[in-house]
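Just so you know, the sequences run in chain order A and B. Following the working numbering, the numbering of the first sequence begins with 1 at its first residue and continues without gaps. Following the working numbering, the numbering of the second sequence begins with 1 at its first residue and continues without gaps.
A couple of the hints might just be wrong.
[Said to hold, decoys possible] Not everything, but these chain B residues come out facing chain A in the computed CB check (under 10 Å):
1) Glu141
2) Pro169
3) Val171
4) Ile264
5) Val314
[Stated by the list, open to error] SDA-like, lysine to any residue: derived pairs with alpha carbons at most 25 Å apart:
6) A:Lys211 - B:Lys12
7) A:Lys218 - B:Glu89
8) A:Lys211 - B:Lys109
9) A:Lys222 - A:Ala12
10) A:Lys202 - A:Pro21
11) A:Lys211 - B:Ala87
12) B:Lys109 - A:Ala12
13) B:Lys109 - A:Asn99
The set of hints was computed from the structure by calculation and includes no laboratory data. Please read these numbers as outputs of a predicted model, since none were measured by experiment. Think of the CB as a built atom: it goes at the ideal place given N, C-alpha and C, for glycine as much as any other residue.
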Amino acid sequence: MNVLVCVKRVPATGGRITLTPDEQEIDTRFLGFTVSPHEECAVEEAVRLIEAHGGTSVVLTLGPSVAEEQLRDALAMGIGEAILLQTDGREWDPIATANAIVDVVRSREAAGMAFDLLLFGNEAADTGDYQIGIRVAHVLGLPCVAGIKALEVRGGAAVAQREADGGREIFEVSLPAVFAVKEGINLPRYPSVPGRLKAKKKEIHRIVPEKRGGGLEKVRLKLPEEQQGEVEILGSGPEAAPRVVEVLQRLGIVPS
Amino acid sequence: MILALVEHDRGKPNPLSLEALTFGRRLAERADVPLHAVLIGSEARPLADLSAAYGASMVHLVTHERLADFAPAAWAQSVVEVVDAVAPEAVLGAGSDRGNEVMAHVAAKIGLAMAANCVEVEPREPYVVTRLRWGGSLLEEARLEGVPKLLTVAPHAVAAEEVSAAGEPAVETLTPALEDEDLRVRVMGRTEAAEGRVSLPEARVVVGGGRGVGSADGFAMLEELASLLGGTVGVSRVVTSLGWRPHAEQVGQTGTRIAPDLYIACGISGAIQHMVGCKAAKQILAINTDPEAPMVAKADYAVIGDLRAVVPAVITEIKKALDG
Ligand SMILES: Cc1cc2nc3c(=O)[nH]c(=O)nc-3n(C[C@H](O)[C@H](O)[C@H](O)COP(=O)(O)OP(=O)(O)OC[C@H]3O[C@@H](n4cnc5c(N)ncnc54)[C@H](O)[C@@H]3O)c2cc1C
Ligand SMILES: Nc1ncnc2c1ncn2[C@@H]1O[C@H](COP(=O)(O)O)[C@@H](O)[C@H]1O
Chain A
1 MNVLVCVKRV PATGGRITLT PDEQEIDTRF LGFTVSPHEE CAVEEAVRLI EAHGGTSVVL
61 TLGPSVAEEQ LRDALAMGIG EAILLQTDGR EWDPIATANA IVDVVRSREA AGMAFDLLLF
121 GNEAADTGDY QIGIRVAHVL GLPCVAGIKA LEVRGGAAVA QREADGGREI FEVSLPAVFA
181 VKEGINLPRY PSVPGRLKAK KKEIHRIVPE KRGGGLEKVR LKLPEEQQGE VEILGSGPEA
241 APRVVEVLQR LGIVPS
Chain B
1 MILALVEHDR GKPNPLSLEA LTFGRRLAER ADVPLHAVLI GSEARPLADL SAAYGASMVH
61 LVTHERLADF APAAWAQSVV EVVDAVAPEA VLGAGSDRGN EVMAHVAAKI GLAMAANCVE
121 VEPREPYVVT RLRWGGSLLE EARLEGVPKL LTVAPHAVAA EEVSAAGEPA VETLTPALED
181 EDLRVRVMGR TEAAEGRVSL PEARVVVGGG RGVGSADGFA MLEELASLLG GTVGVSRVVT
241 SLGWRPHAEQ VGQTGTRIAP DLYIACGISG AIQHMVGCKA AKQILAINTD PEAPMVAKAD
301 YAVIGDLRAV VPAVITEIKK ALDG
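Can you make the complete structure from the sequences, with help from the hints?
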């Protein structure tokens with residue numbers, strides 16, 4: 001079985017976001033980088049599928065050269081190969097990104113290494129476009145189940161579940177297929193030290209992708225208006241408890 | 001004309017669709033064009049009047065013997081056929097799981113761009129939209145090309161508003177040409193929600209716990225506090241990643257959005273990805289050792305101190321008040 005998993009490098013923002021003066025990017029001078037939790041879970045799912053069924057797993061990202069870091073994180077978790085579709089770092093819109101991913105899938109297929117499962121995050125952490133997996137599936141003529149929280153592969157088919165109104169919806173599709181994963185589908189492992197060392201030495205396949213398509217173009221970023229308000233400090237330590245209960249009573253949560 | 005997809009689950013409308021209709025009606029008024037609604041599946045027929053109440057002058061009801069339960073590509077094909085028939089200038093869905101999914105399929109089928117989770121739209125050529133990034137911690141102004149413009153409306157970008165003089169809507173029925181391909185992915189089974197639990201999105205009180213709780217066992221006191229207040233427990237991502245609590249309890253960008261009357265955030269720093277999940281809370285009470293924690297700055301009330309001492313003291317005090 002061959003599994004592809006797609007991830008995107010994003011800044012790991014903490015308590016607040018600062019923008020660059022030209023309002024085009026988040027100021028990342030003091031930030032680390034990561035991938036969406038959904039994608040981390042997709043990577044874990046790919047590793048588990050290969051552990052259970054055998055075969056190869058490939059992680060792919062489209063982004064700047066330094067996105068190698070996110071590929072190595074995935075390799076350290078147990079992914080077999082990594083592909084970097086290297087750009088100058090400027091954002092590609094969902095259609096252009098999907099087309100570039102499709103090119104890779106097709107060339108692997110032509111080389112006799114077609115993928116059985118293509119895993120995506122349900123939405124990217126930064127842009128939240130909710131569409132790249134679906135677009136890739138559509139161009140390749142594959143079925144796509146989005147938002148999945150459980151996946152089970154049996155022979156040439158897969159059963160996927162997603163949450164709806166506190167319950168679950170169940171889908172069954174034959175492979176090959178595309179799945180957009182949500183965090184919670186599994187608990188990703190922490191990479192082991194030997195895993196990290198092995199990942200360091202692995203080769204990254206670098207490809208310069210062809211940019212085709214567009215139609216959604218960033219003009220600028222804006223910070224939402226902060227809800228203004230003063231915090232009332234009720235006190236320090238357990239001595240504050242009576243004042244907490246006063247507040248609970250004032251809010252009508254505890255009867256007075 | 002503006003076309004809005006009215007989403008439903010086996011005939012039950014999604015309230016976010018009423019917001020999308022309201023958003024669509026205002027957009028239609030600005031562009032001086034009518035608003036139409038699209039309803040998918042015969043179970044949705046009764047929603048025609050509801051669509052009219054929220055401003056649709058015409059309803060396109062798409063029915064087909066194979067449109068029984070939710071099937072994203074089949075729903076998208078239904079929308080595409082209405083688009084082909086009536087040539088709208090924009091198509092809007094709700095920024096819900098299904099809304100974003102169906103509109104992405106529509107966009108893929110037509111081969112046009114799609115902007116998810118818009119909060120504002122400037123109907124020029126091209127459209128200038130303002131949309132959510134980072135789950136709402138950041139906004140993006142973007143140009144959206146294509147005819148029609150395809151977008152979804154971010155949850156709570158507007159409040160749903162009925163129109164004063166809604167007439168009987170004209171209903172146009174259409175049968176799409178569905179291919180087998182469109183029905184490969186469809187709901188084939190369900191497990192229903194467990195009864196009797198306070199659901200996180202609907203809870204009036206949520207007691208949140210973060211890394212500061214210290215261990216899985218540490219949550220016993222948060223459980224007790226939540227049950228005293230008729231609420232439920234929510235957690236930060238650190239807590240689910242450490243395996244202390246299930247992901248179903250996670251609040252935030254990749255977890256659940258909550259909107260309680262009171263959120264008691266214990267040992268949670270207040271990272272932006274957590275805050276987008278609880279910004280609809282009416283009041284926040286932070287319990288944190290660090291007076292500089294972002295959660296404390298964003299809270300309405302705060303207690304500075306070790307939650308392992310503060311929470312038990314609060315529990316004791318509440319019990320006194322309840323007995324008194
Ligand atoms: C794309 C993306 C999506 C994410 N999605 C989510 C999400 O959905 N939900 C989410 O929560 N996070 C999410 N995160 C993670 C987020 O950035 C933070 O890492 C996380 O919220 C921090 O959890 P925390 O506050 O429990 O831990 P920390 O940041 O470590 O904070 C612990 C806090 O506890 C306080 N504390 C410590 N000991 C005590 C004590 N004894 N008593 C009282 N206070 C104490 C400390 O002062 C500190 O403020 C996401 C991150 C990314 C990059
Ligand atoms: N630049 C990228 N490189 C690789 N995969 C990506 C990229 N952007 C998005 N994806 C994948 O597509 C998913 C959905 O992204 P989006 O449609 O942009 O919200 C993400 O969770 C990733 O799995």
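Status of the hints after comparison with the structure:
| no. | hint | in the structure |
| --- | --- | --- |
| 1 | Glu141 | 4 Å, holds |
| 2 | Pro169 | 27 Å, violated |
| 3 | Val171 | 28 Å, violated |
| 4 | Ile264 | 9 Å, holds |
| 5 | Val314 | 5 Å, holds |
| 6 | A:Lys211 - B:Lys12 | 42 Å, violated |
| 7 | A:Lys218 - B:Glu89 | 21 Å, holds |
| 8 | A:Lys211 - B:Lys109 | 20 Å, holds |
| 9 | A:Lys222 - A:Ala12 | 18 Å, holds |
| 10 | A:Lys202 - A:Pro21 | 38 Å, violated |
| 11 | A:Lys211 - B:Ala87 | 29 Å, violated |
| 12 | B:Lys109 - A:Ala12 | 34 Å, violated |
| 13 | B:Lys109 - A:Asn99 | 14 Å, holds |
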